[in-house]
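Participant: Sequence:
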Amino acid sequence: FLISKDIKGWGSETIGTDAGKAGGMEPPFPAHTLMHKANRYGLASLCNLDQLPPKGAILIAAPLKIEHGTGSPIRALALVSKQ
1 FLISKDIKGW GSETIGTDAG KAGGMEPPFP AHTLMHKANR YGLASLCNLD
51 QLPPKGAILI AAPLKIEHGT GSPIRALALV SKQ
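Residue 34 in the numbering used here is what sits at position 34 of the sequence shown, and the numbering runs on without skipping anything.
FYI, nobody ran anything at the bench for these hints, they're computed from the structure. Glycine included, each C-beta is placed from N, C-alpha and C at the ideal position. Any given hint could turn out to be false.
Unchecked claim - Cut-off 27 Å, straight-line C-alpha distance, at most; resulting in silico cross-link-like pairs (DSS-like, lysine-lysine):
#1 Lys8 - Lys82
#2 Lys8 - Lys21
#3 Lys21 - Lys5
#4 Lys37 - Lys8
#5 Lys37 - Lys82
#6 Lys55 - Lys5
#7 Lys65 - Lys8
To be verified - Ranges of calculated distance between the beta carbons of each label pair, as one might list FRET restraints:
#8 Thr14 - Ala62: 17 to 25 Å
#9 Gly20 - Arg75: 23 to 31 Å
#10 Gly24 - Ser81: 23 to 31 Å
#11 His68 - Ile15: 31 to 39 Å
#12 Cys47 - Gln83: 33 to 41 Å
#13 Ala19 - Leu49: 40 to 48 Å
#14 Val80 - Pro28: 31 to 39 Å
Required output: the full structure, derived from the provided sequences and hints.
Facilitator: Here it is in structure tokens:
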């Protein structure tokens, strides 16, 4: 569904981007796996998302380069105009 919406990525305040038993699904961790294969990202464990506008914020999320990794800790920053 998310891939069909032509988004760059998505974020949530939850601990992960998949359901609790997603490791046993096919493919394992489908949101993580399918989004990354489509060159999109999923960010988890974010906070204060309610303080962002629905559109227009600039997100900075620089990951660590982890060899053979599919995820990384980040420090997420959102830039919002003062309007």
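Participant: State for each hint whether it applies.
Facilitator: To see whether the hints hold, each was checked on the structure:
1. Restraint check for Lys8 and Lys82: satisfied, since their Cα atoms lie roughly 24 Å apart, inside the 27 Å limit.
2. Between Lys8 and Lys21, the direct Cα distance comes to roughly 25 Å. Compliance with the 27 Å bound is thereby established for this hinted pair.
3. A hinted pair counts as satisfied when its Cα atoms are at most 27 Å apart, and Lys21 with Lys5 qualifies at roughly 25 Å.
4. Taking the CA atoms of Lys37 and Lys8, the gap is about 12 Å. The hint holds against a cut of 27 Å.
5. A C-alpha spacing of about 36 Å is found between Lys37 and Lys82, which places the hinted pair above 27 Å, so the restraint is violated.
6. A hinted pair counts as satisfied when its Cα atoms are at most 27 Å apart, and Lys55 with Lys5 qualifies at roughly 14 Å.
7. At most 27 Å may separate the alpha-carbon atoms for a hinted pair to count; Lys65 and Lys8 meet this at roughly 20 Å.
8. The hinted window of 17 to 25 Å between Thr14 and Ala62 holds, with their beta carbons roughly 21 Å apart.
9. The given range of 23 to 31 Å is respected by Gly20 and Arg75, whose C-beta atoms sit roughly 26 Å from each other.
10. Judged by the Cβ atoms, the range 23 to 31 Å given for Gly24 and Ser81 is violated: they are separated by roughly 44 Å.
11. Against the hinted window of 31 to 39 Å, the Cβ-Cβ separation of His68 and Ile15 comes to about 23 Å, which falls outside the hint.
12. At about 22 Å, the beta-carbon gap between Cys47 and Gln83 misses the expected band of 33 to 41 Å.
13. At roughly 19 Å, the beta carbons of Ala19 and Leu49 sit outside the given window of 40 to 48 Å.
14. At roughly 36 Å, the beta-carbon separation of Val80 and Pro28 lies within the given 31 to 39 Å, and the hint holds.
The structure fails hints 5, 10, 11, 12 and 13 (numbered hints given earlier, in ascending order).
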